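Chains A and B, in that order, give the protein sequences. Whatever position you read off the first sequence (first residue = 1), add 1 for the working numbering. Whatever position you read off the second sequence (first residue = 1), add 30 for the working numbering.
Heads up, some of the hints might be wrong.
[As the list claims (entries may be wrong)] DSS-like cross-link-like pairs, simulated, lysine-lysine; straight-line CA separation at most 30 Å:
hint: 1; chain 1: B; residue 1: 163; chain 2: A; residue 2: 48
hint: 2; chain 1: A; residue 1: 48; chain 2: B; residue 2: 132
hint: 3; chain 1: A; residue 1: 83; chain 2: B; residue 2: 132
hint: 4; chain 1: B; residue 1: 132; chain 2: B; residue 2: 195
For the record, the hints were derived by calculation from the structure and aren't laboratory data. Everything numeric in this text was worked out from a predicted model, so none of it was measured.
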Amino acid sequence: MSEKSAGAASVLDEKTLTGTRKVGDIAPNGASSPTGRRPRRGADWRKRLEITVLSGPAIVVFVSFVIFPVVLAAYYGFFRWKGYGPATDFVGLGNYAIIFADSAFREALLHNGIIIVLSLVIQFPIAIVLALLLNQKIRGRSVIRVLIFVPYIISEVIVGIGWGLMLQTNGAVNDLLESVGLGAFRADWLSDPKIAIWSLMLIISWKYIGFAVILFLAGLQSIPEELSEAAAIDGASYWQIQRNITLPLLGPTVRIWAFLSIIGSLQLFDLVFIIWGQYIASTAGTSTMATYMVANGRTSGNFGYGSAVAVVMFLISLVIALTYQRYVLRRDTAGALTERQK
Amino acid sequence: MRGTRERQKWGSPATYFIAFVFIALCLGPVLYIVIGGFRDNSQITASPAGFPSPWRLDNYLNVLTSPTFWQQIGNSTIVALTTTIGVVVLGLMVSFVLARYKFTGRGAMYSLFAAGLMFPMTVAITPLYILIKDLGLMNSLAGVILPQIGFGLPVTIIILVPFLKAIPDEIEEAASIDGASRLGFFFRMVVPLSVPGVVTTGILAFVASWNSYLLPLFILSDQSMYTLPLGVQAFASQYSVNTASVLAFTSLSMIPALIFFTLFERRIVGGLTGAVKG
Chain A
2 MSEKSAGAAS VLDEKTLTGT RKVGDIAPNG ASSPTGRRPR RGADWRKRLE ITVLSGPAIV
62 VFVSFVIFPV VLAAYYGFFR WKGYGPATDF VGLGNYAIIF ADSAFREALL HNGIIIVLSL
122 VIQFPIAIVL ALLLNQKIRG RSVIRVLIFV PYIISEVIVG IGWGLMLQTN GAVNDLLESV
182 GLGAFRADWL SDPKIAIWSL MLIISWKYIG FAVILFLAGL QSIPEELSEA AAIDGASYWQ
242 IQRNITLPLL GPTVRIWAFL SIIGSLQLFD LVFIIWGQYI ASTAGTSTMA TYMVANGRTS
302 GNFGYGSAVA VVMFLISLVI ALTYQRYVLR RDTAGALTER QK
Chain B
31 MRGTRERQKW GSPATYFIAF VFIALCLGPV LYIVIGGFRD NSQITASPAG FPSPWRLDNY
91 LNVLTSPTFW QQIGNSTIVA LTTTIGVVVL GLMVSFVLAR YKFTGRGAMY SLFAAGLMFP
151 MTVAITPLYI LIKDLGLMNS LAGVILPQIG FGLPVTIIIL VPFLKAIPDE IEEAASIDGA
211 SRLGFFFRMV VPLSVPGVVT TGILAFVASW NSYLLPLFIL SDQSMYTLPL GVQAFASQYS
271 VNTASVLAFT SLSMIPALIF FTLFERRIVG GLTGAVKG
């Protein structure tokens with residue numbers, strides 16, 4: 002889950018750029034409209050200079066360290082390469098063929114899928130109920146909000162180490178279960194392949210439910226109270242109000258949250274790598290595409306292969322993101338008054 | 031919303047109970063880590079989920095007096111601060127251009143940065159590692175800072191552009207009537223006005239940088255150059271038998287993030303609120 006996707010939904014839409022602007026778009030220093038030769042030559046040149054100076058540094062850094070590597074990744078994906086010297090062993094789509102034939106990759110992909118689905122299924126109901134409960138203007142609300150957000154800001158490394166220690170077979174969780182008499186539930190939380198993925202989901206949910214609650218709370222707070230008040234006057238019960246008014250209006254927020262959750266689930270690396278390390282992940286049933294990439298790319302020195310995996314990850318994310326935007330988010334950006342989207 | 035003069039009433043006991051349970055679940059593990067550091071290994075082995083008896087300070091003291099720990103905190107601080115400054119300054123400049131100039135290619139420039147959201151670090155890391163190596167920046171903080179600035183730009187720009195667009199044109203016109211150039215306008219008016227957006231993006235950039243693990247993992251090889259997450263993990267695997275020490279180290283490394291969070295909690299949550307509302 003990365004904050005970096007924070008504005009993803011509104012941005013994919015690209016209307017943000019041309020967004021609402023008042024009084025036409027006439028800027029004082031001259032527009033570059035195709036018809037207008039209004040600006041004097043000097044002002045136009047000056048404007049270009051300002052644009053270059055202001056946006057130059059950012060563009061240079063961004064292209065060098067983000068765009069360029071990604072393009073390189075695509076390039077290296079066609080080679081078999083040790084990571085130093087020029088890439089000479091061209092294998093075309095050979096890496097990609099290996100990727101899709103490798104059962105370990107398919108397992109990792111499956112795990113990512115499970116994580117995506119379970120994250121949504123587990124976190125959504127709990128977070129919604131909590132958000133609805135906490136939406137009342139009661140005393141102590143801000144304290145509660147702060148406290149449930151704490152797991153989110155702790156780095157995944159720390160979360161991984163802490164939980165890793167707690168979930169060990171002779172660790173605190175098992176001990177706690179015993180001391181309250183639930184000793185029958187002791188388990189190999191981390192090493193048993195049948196259980197490990199659930200342990201992972203437990204940790205992920207622990208870390209990110211607070212985030213979901215905060216997002217939902219923000220969405221709830223933008224729903225005008227008059228609506229629920231009017232419904233209450235008309236005799237609707239609390240839960241009826243929630244079901245028919247609040248939840249539908251919370252739709253856009255939920256869809257954004259789901260988008261962030263999916264993207265985060267696809268990119269999951271730190272937690273799994275910390276807890277299960279590079280090797281155990283595949284045998285404990287918790288490998289992800291990212292851990293697979295690191296294990297088979299960097300650790301084993303096949304940088305060409307690792308790049309190919311990265312490109313596959315990117316393409317999968319892109320397809321999912323575009324599909325999601327087209328079919329799910331389009332409803333939010335089209336507006337309620339325009340014709341129904343197919 | 032905060033200023034409404036509503037007398038806040040107490041909620042129902044059920045609500046508080048549920049909230050309490052939830053908070054206990056959230057904070058329980060955190061407390062486990064913190065308290066665990068006050069025990070020694072024999073205590074932990076004998077009774078993994080128990081309380082310290084007696085309370086031992088030496089684990090925490092060992093960490094606090096270890097130069098590696100402070101070095102790593104120093105490294106993380108340098109990296110996070112520089113990244114944040116870089117992201118904010120560069121991001122603000124570009125956002126200003128995108129928000130208030132009209133020129134062909136503006137849409138393309140915006141899409142360029144927006145597309146950056148689709149490229150997580152995991153995708154770019156392998157060639158990035160090679161690029162950094164070729165630039166001779168391996169095992170240096172600069173090798174971590176520069177890419178982090180690059181990757182932090184998309185979110186920053188996406189947050190700042192609507193922000194800057196919201197500054198009324200009238201202010202800009204008034205400034206130009208008063209003889210200020212576009213750049214002058216930028217420095218003297220836009221920058222102060224954009225402080226709230228800058229604070230939010232700065233916080234996001236700082237937190238992301240502070241917690242970042244994958245990039246430093248690839249770039250930094252010397253323990254003395256490690257940032258804190260790397261240090262925590264290295265310590266944990268090196269002293270894996272010494273559980274108590276690991277817990278102490280881990281809990282001490284949580285503290286900067288927690289302090290930072292308590293200081294800026296309103297901004298962080300508010301910033302997310304803003305992103306949700308669009």
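Item checked: 30 Å Cα cutoff - pair residue 163/B, residue 48/A -> violated (38 Å)
Checklist line | 30 Å limit on alpha-carbon distance, applied to hinted pair residue 83/A and residue 132/B | finding: Since the Cα atoms of residue 83/A and residue 132/B sit roughly 46 Å apart, the hinted pair is violated (cutoff 30 Å).
Item checked: Straight-line alpha-carbon gap residue 48/A to residue 132/B, limit 30 Å -> It holds: about 10 Å lies between the C-alpha atoms, which stays within 30 Å.
Checklist line | Hinted pair residue 132/B and residue 195/B, Cα distance within 30 Å | finding: With a Cα-Cα distance of about 12 Å, the restraint between residue 132/B and residue 195/B holds, given a limit of 30 Å.
In the structure shown, a violation is registered for the earlier hints numbered 1, 3, in ascending order.
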